[in-house]
Amino acid sequence: MKLPWPAAMVGLLMVVNAAHPADSLCPRPSTGDGQVQAVITAVKALQKSLTAEQRKALEQPFVRDSAIRWSNLPVGVVPRTGLRLGDLDVKQEYAARRVAAAALSACGLKMLDEIRIADNFLKNVDARKIGWDGANYFMSILGTPSEKEPWMLQIGGHHIAYNLTFNGGREGATPLFFGSEPIYFNMGDTDYEPLVTQSAAMSTLARALANHAEAKLSGTFTDVVKGVVVEMVQGQLPKGGTDTGFPMSYPTGTTDRGILYGALSAEEQALVRTALETYASLPGDAITEELVAAYESPAALAETYVGYSGQPDLTAEGSYVRIDGPRIWMELIVQRAVADRTKLHYHALWRDKQSDYGGEIGAR
Amino acid sequence: MMTLLCAAGCALALAHDAPNSLIKLDFVGDSVRAEVLVPESELAFATAAEHVSEPFADYLLRHLSAETPQGTPWKVDVRSVSNVTYLGHAYLSAQVEFTPPPGASPRSFVLIDDAVTHEVRNHVVLVLARGAANQEVLGMLQYPARRLVVQRLSATAQK
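Sequences listed follow chains A and B, in order.
Letter 218 of the first sequence, counting from 1, is numbered 218 in this note's numbering, and no numbers are missing.
Plus 1000 on top of the position in the second sequence (first one is 1) and you've got this note's numbering.
Chain B on its own, in the form it takes in the complex:
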């Protein structure tokens, strides 16, 4: 199976030069944790367009945020950043925690991201909800869209 995965992943990387970003959301308790995967090839166009040189965590915090449906900002922390190879492509992987303001639901918010899409017009950000067994696509962002309404029922209600 691993050989098959590698073969398919390597082939995908080689056959698709414009990989997407992925944001995988984990709905845990009072906050939302996320793994944010940004392909280095596409990110390079975005950072070059801004003429900035800064740590990826700082760059990400300027382009990734969340707010309540009423517009109150959530707290966003980038816990760590690592280099990963994902299905044959080089990515930066950021572990991010989104914390809602007091009294706001952690399951209803607006996710905002234009880390790559502010520059790369064909780039797509896939937003997934990570479950125990599989992942569900919650939506996609592509220029000029940078805001995705996320509404998850409680874990109990989803069963």
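One chain only, chain A, in its complex shape:
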């Protein structure tokens, strides 16, 4: 089995940092923890390791068209741009991993690894040329890395899209899409379940919500609600499949958004905070600390709704859980698997109604 990164490299970059506030969720924080200086240092080292052609692929303008070019579809359907991680030599791969390790938490890095391994698993299950492959993951730098001026780091492929914006203190962690097909699998002698932490937290929350009739959302869910939009034009290759719908509109008012946080018991309220923190624990803490503080402020929580649909234990297709506050928008949906139709798979999405792309990208 070929891991997406060399095993020795994985161990090397799992450096203990006991000060990480999400220790209970994410026990092995990574080196840089999302600090912009650490990310810039790692990016510069990566740039030095690349050929001119590779640098051209890595470095792109920080404009809307580049920023919204992430997807939840395989790369054979929606081709990505950027530096293809599967094309790197060992030294370059090490440098790219240093960038990821600087920007992401250990949980976020582990999820990236396991989702890439899941794509390798799918490659063995489904021979269609859809682009399943852990090598088909990409890294892009949008704009010029700076401690003051806005720029973005994107790391993504089929089932993960990190869109991290650094803009001198108002960092953005979203849109952050992640998914898993299969939900759990075995490769070699290892069992994997990439979204186990997030799905368990959302399922625990949904099972608590099932005790409240007003928490049940109306309608049917077949995917995340605020995901990518596929523009299909007959006679042409599929167009879109990226975030062309940005900026999104969100539910307003008080109906059909679930139950208010304030109507839950203290124990149930803790489940809401735990669930949102499992999503927020993926990028480095320096990126998400202020976001979580904003989401968990008393004023924000007073206007936060949580709702579910389908099976609260997330064992059936169409099961769905959502956290919807003044800024926060987090979803998880259970869908039919694509490579093996007997199985299920997850899509999850975190958006921030104010700071997707760091608040730096406007409408088309």
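Hints were generated in silico from the structure; no laboratory data involved.
There's no promise every hint is true.
[Unchecked claim] Quick look at which bits of chain A chain B covers, simulated, 3 or more residues with Cβ under 8 angstroms:
| no. | region |
| --- | --- |
| 1 | 220-229 |
| 2 | 241-255 |
| 3 | 327-341 |
[What the hints assert, rightly or not] Cross-link-like lysine to any residue pairs, in silico, SDA-like; alpha carbons within 20 angstroms at most:
| no. | chain 1 | residue 1 | chain 2 | residue 2 |
| --- | --- | --- | --- | --- |
| 4 | B | Lys1024 | A | Gly240 |
| 5 | A | Lys216 | B | Pro1144 |
| 6 | B | Lys1024 | A | Ser146 |
| 7 | A | Lys216 | B | Phe1045 |
| 8 | A | Lys216 | B | Ala1048 |
| 9 | A | Lys216 | B | Lys1024 |
| 10 | B | Lys1024 | A | Glu231 |
| 11 | A | Lys48 | A | Ser146 |
| 12 | B | Lys1024 | B | Gln1142 |
| 13 | B | Lys1024 | B | Val1110 |
| 14 | A | Lys343 | B | Pro1144 |
| 15 | A | Lys216 | B | Val1110 |
| 16 | A | Lys216 | A | Met187 |
| 17 | B | Lys1024 | A | Thr244 |
| 18 | B | Lys1024 | A | Lys148 |
| 19 | A | Lys129 | B | Gly1088 |
| 20 | A | Lys123 | A | Asp189 |
| 21 | A | Lys148 | A | Ala286 |
| 22 | B | Lys1024 | B | Gln1070 |
| 23 | A | Lys343 | B | Val1110 |
| 24 | A | Lys216 | A | Thr244 |
| 25 | A | Lys353 | B | Gly1071 |
| 26 | A | Lys353 | B | Ser1031 |
| 27 | A | Lys343 | A | Ser49 |
| 28 | A | Lys129 | B | Asp1017 |
[Said to hold, decoys possible] Sample of chain A residues lacking proximity to chain B, with all beta carbon distances greater than 12 angstroms (derived):
| no. | residue |
| --- | --- |
| 29 | Pro61 |
| 30 | Gly169 |
| 31 | Leu217 |
| 32 | Pro298 |
| 33 | Ala299 |
| 34 | Glu303 |
| 35 | Ser309 |
| 36 | Gly318 |
| 37 | His345 |
No experiment lies behind these values; they were computed from the predicted model shown.
Idealized CB from N, CA, C, for every residue including glycine.
Starting from the known structure of chain A, arrange chain B on it as the hints suggest.
Chain B alone, transformed into the frame defined by chain A:
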């Protein structure tokens, strides 16, 4: 090229289980013609929720309409319905003609559709203007939104 299209289309269908609806508008003379593509997989959830069994044309007329900006309804006719496979997904395709009331501009109206979105919360209706060479996205509808303001300049003014 066709092989490439098929491969990509089939892959898209298999990799994306929640296809969108499309409404492709043709601005022709005094009326607006439209091809309305509704994915059968998503429509099934919507019709099941209503517990109705009726021809698709009748169902569509209960969920698709147009009106002037002032709220006067347009005449809507479903000319035909066919089954099509579009980029690997099964769709119902309806040819629809929208006719404005006398004196109203055929290029300024409110399009109303909730054929699928009244039930499927993630479903998106893409509204396109069909041109000679390409198609332009005019807007999208997703629950709870069901009304899209359409304003097209005259063909002359757009050149």
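Results of checking the hints against the structure:
| no. | hint | in the structure |
| --- | --- | --- |
| 1 | 220-229 | holds (count 8) |
| 2 | 241-255 | holds (count 5) |
| 3 | 327-341 | holds (count 4) |
| 4 | B/Lys1024 - A/Gly240 | holds (16 angstroms) |
| 5 | A/Lys216 - B/Pro1144 | holds (17 angstroms) |
| 6 | B/Lys1024 - A/Ser146 | violated (44 angstroms) |
| 7 | A/Lys216 - B/Phe1045 | holds (17 angstroms) |
| 8 | A/Lys216 - B/Ala1048 | holds (19 angstroms) |
| 9 | A/Lys216 - B/Lys1024 | violated (35 angstroms) |
| 10 | B/Lys1024 - A/Glu231 | holds (12 angstroms) |
| 11 | A/Lys48 - A/Ser146 | holds (17 angstroms) |
| 12 | B/Lys1024 - B/Gln1142 | holds (17 angstroms) |
| 13 | B/Lys1024 - B/Val1110 | holds (15 angstroms) |
| 14 | A/Lys343 - B/Pro1144 | violated (31 angstroms) |
| 15 | A/Lys216 - B/Val1110 | violated (32 angstroms) |
| 16 | A/Lys216 - A/Met187 | violated (37 angstroms) |
| 17 | B/Lys1024 - A/Thr244 | holds (18 angstroms) |
| 18 | B/Lys1024 - A/Lys148 | violated (45 angstroms) |
| 19 | A/Lys129 - B/Gly1088 | holds (15 angstroms) |
| 20 | A/Lys123 - A/Asp189 | holds (18 angstroms) |
| 21 | A/Lys148 - A/Ala286 | holds (15 angstroms) |
| 22 | B/Lys1024 - B/Gln1070 | violated (23 angstroms) |
| 23 | A/Lys343 - B/Val1110 | violated (42 angstroms) |
| 24 | A/Lys216 - A/Thr244 | violated (29 angstroms) |
| 25 | A/Lys353 - B/Gly1071 | violated (32 angstroms) |
| 26 | A/Lys353 - B/Ser1031 | violated (39 angstroms) |
| 27 | A/Lys343 - A/Ser49 | violated (41 angstroms) |
| 28 | A/Lys129 - B/Asp1017 | holds (17 angstroms) |
| 29 | Pro61 | holds (23 angstroms) |
| 30 | Gly169 | holds (33 angstroms) |
| 31 | Leu217 | violated (7 angstroms) |
| 32 | Pro298 | holds (28 angstroms) |
| 33 | Ala299 | holds (25 angstroms) |
| 34 | Glu303 | holds (18 angstroms) |
| 35 | Ser309 | violated (8 angstroms) |
| 36 | Gly318 | violated (9 angstroms) |
| 37 | His345 | violated (10 angstroms) |
When the structure is compared with the earlier hints, violations turn up for hints 6, 9, 14, 15, 16, 18, 22, 23, 24, 25, 26, 27, 31, 35, 36 and 37 and for no others.
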